[in-house]
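Protein chains: 2
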Amino acid sequence: MAIDCMGGDYGPHVTVPSAVKYLHSDPEVDIILVGIPDVIEAELRALDMPLSSRMRLHAASEVVGMDEPPALALRNKKDSSMRVAINLVKNGEAQACISAGNTGALLATSRFVLKTIHGIDRPALAVVLPTIKGHTYILDLGANVNCTAEHLLQFGMMGAMLVSSVENKKDPSIGLLNIGEEDIKGNEVVKQAAELLRDSGLNFYGNIEGNDIYKGTTDVVVCDGFVGNVALKTSEGVAQMLATFLRQEFKRNIFTKFAGFVALPVINAFKRRVDHREYNGASLLGLRGIVIKSHGSADKHAFCAAIKRGAEEVRGGMLCHISKHIAELQHNTQKSKFNSATVE
Amino acid sequence: MAIDCMGGDYGPHVTVPSAVKYLHSDPEVDIILVGIPDVIEAELRALDMPLSSRMRLHAASEVVGMDEPPALALRNKKDSSMRVAINLVKNGEAQACISAGNTGALLATSRFVLKTIHGIDRPALAVVLPTIKGHTYILDLGANVNCTAEHLLQFGMMGAMLVSSVENKKDPSIGLLNIGEEDIKGNEVVKQAAELLRDSGLNFYGNIEGNDIYKGTTDVVVCDGFVGNVALKTSEGVAQMLATFLRQEFKRNIFTKFAGFVALPVINAFKRRVDHREYNGASLLGLRGIVIKSHGSADKHAFCAAIKRGAEEVRGGMLCHISKHIAELQHNTQKSKFNSATVE
Chain S
1 MAIDCMGGDY GPHVTVPSAV KYLHSDPEVD IILVGIPDVI EAELRALDMP LSSRMRLHAA
61 SEVVGMDEPP ALALRNKKDS SMRVAINLVK NGEAQACISA GNTGALLATS RFVLKTIHGI
121 DRPALAVVLP TIKGHTYILD LGANVNCTAE HLLQFGMMGA MLVSSVENKK DPSIGLLNIG
181 EEDIKGNEVV KQAAELLRDS GLNFYGNIEG NDIYKGTTDV VVCDGFVGNV ALKTSEGVAQ
241 MLATFLRQEF KRNIFTKFAG FVALPVINAF KRRVDHREYN GASLLGLRGI VIKSHGSADK
301 HAFCAAIKRG AEEVRGGMLC HISKHIAELQ HNTQKSKFNS ATVE
Chain A
345 MAIDCMGGDY GPHVTVPSAV KYLHSDPEVD IILVGIPDVI EAELRALDMP LSSRMRLHAA
405 SEVVGMDEPP ALALRNKKDS SMRVAINLVK NGEAQACISA GNTGALLATS RFVLKTIHGI
465 DRPALAVVLP TIKGHTYILD LGANVNCTAE HLLQFGMMGA MLVSSVENKK DPSIGLLNIG
525 EEDIKGNEVV KQAAELLRDS GLNFYGNIEG NDIYKGTTDV VVCDGFVGNV ALKTSEGVAQ
585 MLATFLRQEF KRNIFTKFAG FVALPVINAF KRRVDHREYN GASLLGLRGI VIKSHGSADK
645 HAFCAAIKRG AEEVRGGMLC HISKHIAELQ HNTQKSKFNS ATVE
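Top line first, the protein sequences correspond to chains S and A. Take the first sequence: its position 225, counting from 1, is numbered 225 in our numbering, and each next residue is one higher. Take the second sequence: its position 95, counting from 1, is numbered 439 in our numbering, and each next residue is one higher.
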């Protein structure tokens with residue numbers, strides 16, 4: 001696993017200790033720390049952790065700024081820790097790249113360096129979210145703001161392959177995010193995507209609505225990047241507001257503070273259950289390599305979760321799954337087009 | 345106020361007692377109960393409430409089913425309680441219509457009977473949501489799945505006029521829901537809408553993200569109906585999941601149950617604060633009349649909130665505000681088009 005050590009709001013202060021911690025927890029994984037050697041070595045010395053055969057350092061002289069325009073980073077920073085880490089994946093020296101850096105730059109650089117899998121038009125960002133039943137995978141979350149029905153079909157397939165590789169689940173169910181369950185609902189792109197998904201041979205559940213995400217109605221939720229991004233950030237907003245209100249109510253007076261004291265273990269158990277750090281790590285799907293985007297503000301716990309996600313995708317053979325199924329998908333879609341043409 | 349007594353999951357069992365309750369709380373309001381006389385009279389008898397000069401009955405012989413296709417309801421049910429209630433608004437006998445009936449039918453019938461205000465292309469659905477700071481108004485929520493930049497501009501203006509009428513707030517701030525704050529983010533429609541809003545003379549804050557809705561960053565949140573509907577239903581889903589998790593944690597064992605008992609008053613205060621019934625009632629904006637859509641499953645408390653919303657829009661003179669400002673808006677937009685043409 002190649003770790004872009006310089007990315008994220010806290011850079012090596014978080015990425016290096018996280019990598020060390022993860023290395024201890026997962027004996028199957030080797031780590032390549034990518035970045036400015038002096039800085040990484042200083043972090044390792046502070047941790048009293050020497051480099052080893054399982055953890056080596058790969059120098060990169062530049063750093064992509066968190067607010068740097070992606071196009072500039074792509075053009076001017078050919079020796080950035082991000083780009084070098086992605087190159088290691090391309091060259092087969094690493095099986096996955098984990099970065100907490102600039103999202104736009106990571107998307108642009110990954111796409112430019114790794115290219116998309118044959119048959120996939122655009123990469124998509126996928127994350128796991130908690131649900132009442134367990135968890136669900138949602139994509140796209142902002143990599144694509146203008147999607148065609150074919151893109152949504154590809155997202156559905158890639159999401160299903162992600163779930164079947166990582167969760168070892170056969171035929172994961174796919175829901176299409178819409179504004180009603182009926183076929184007549186939604187805009188033209190979504191209506192066409194529903195038809196394509198229905199004919200795809202995938203386990204298509206049908207249209208679902210926003211509340212179905214957290215009900216856990218389907219294993220995969222498909223939407224365009226605009227809608228997915230709004231849904232995700234709106235969810236964060238609701239959770240933050242409810243947490244604020246709950247805190248305020250418990251702090252209202254001496255009686256409520258006492259109630260808060262008594263309820264603290266329960267509240268803490270509840271918090272652990274919805275701890276967003278556990279869900280850190282968005283997968284860039286559709287590339288010829290595994291790339292995981294960690295939240296920029298991730299702490300060690302969260303960044304470890306992102307490394308783990310990368311390791312699971314490698315172990316699950318996700319890339320093979322996607323490559324194999326894109327061929328089947330194209331075959332099915334062609335067949336269904338042919339059939340409907342024959343019927344007409 | 346004309347009440348469509350037959351609409352909603354519970355029909356007159358909820359609408360009639362709600363109307364009676366609201367009548368007592370608001371001495372300025374008179375009510376017209378619209379629906380099948382026998383059924384309404386039976387409800388009134390059960391409440392021991394006679395008709396009066398402030399509460400009269402207007403017969404309608406038909407009922408629109410909750411799952412009935414809107415086009416069929418519009419064509420075939422000319423004497424439905426919904427249509428008759430809307431007709432009363434058109435004829436000036438009522439200042440507003442409140443219905444918990446079929447959303448699609450209410451939208452189609454309102455638009456057909458009342459028509460849009462001159463200069464408004466499409467009506468939009470707006471609701472109030474709680475925020476950390478207070479509350480915010482969001483539109484559209486599903487009346488329009490394909491919007492142009494001009495539609496979003498009109499939604500912004502209508503939302504602002506709703507807030508200034510109902511909240512008596514001068515120059516409410518308008519946020520455009522997007523996937524990033526920077527001008528370059530989002531799809532073409534949103535980028536163009538931002539330009540139009542910037543030149544509109546309205547108090548345009550700029551782009552906002554999903555989490556800004558519940559932070560209360562702006563008084564009004566503008567988005568297309570697809571995105572708004574997903575955001576709203578996703579919010580409901582998150583809140584339901586968190587409530588379920590909290591309940592489960594408090595029910596885990598005898599100690600957590602005790603903690604739950606001690607914390608009950610705090611939890612109840614919290615629940616009251618985010619009680620969705622208080623926020624019931626979506627406004628159909630842009631029509632030549634005030635129409636409020638209540639949730640189909642509203643109980644008496646929630647349906648009363650919807651009636652109150654209608655009364656507040658009437659008292660705030662919302663229709664006048666919108667009509668007046670659409671003229672100004674068109675003037676400003678023309679001027680800005682002219683200016684940019686001159687500069688070019």
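Keep in mind that the hints were calculated from the coordinates and are not lab data. Please read these numbers as outputs of a predicted model, since none were measured by experiment. Do not take every clue at face value.
Claimed, not checked - Computed beta-carbon distance windows for the label pairs:
| no. | chain 1 | residue 1 | chain 2 | residue 2 | range |
| --- | --- | --- | --- | --- | --- |
| 1 | A | C664 | S | P69 | 17 to 23 Å |
| 2 | S | R198 | A | K601 | 17 to 23 Å |
| 3 | S | K271 | A | A613 | 18 to 24 Å |
| 4 | S | E150 | A | A403 | 52 to 58 Å |
| 5 | S | G134 | A | H620 | 24 to 30 Å |
| 6 | S | N332 | A | E511 | 49 to 55 Å |
The C-beta atom is built at its ideal place from N, Cα and C for all residues, glycine as well.
We went through each hint and held it up to the structure:
1. A/C664 - S/P69: 17 to 23 Å: violated, 46 Å
2. S/R198 - A/K601: 17 to 23 Å: violated, 47 Å
3. S/K271 - A/A613: 18 to 24 Å: holds, 20 Å
4. S/E150 - A/A403: 52 to 58 Å: 53 Å Cβ-Cβ, so the 52 to 58 Å window holds.
5. S/G134 - A/H620: 24 to 30 Å: Taking Cβ atoms as reference, S/G134 and A/H620 lie about 25 Å apart, which means the hint holds.
6. S/N332 - A/E511: 49 to 55 Å: Once the Cβ atoms are compared, 54 Å apart, the range 49 to 55 Å for A/E511 and S/N332 holds.
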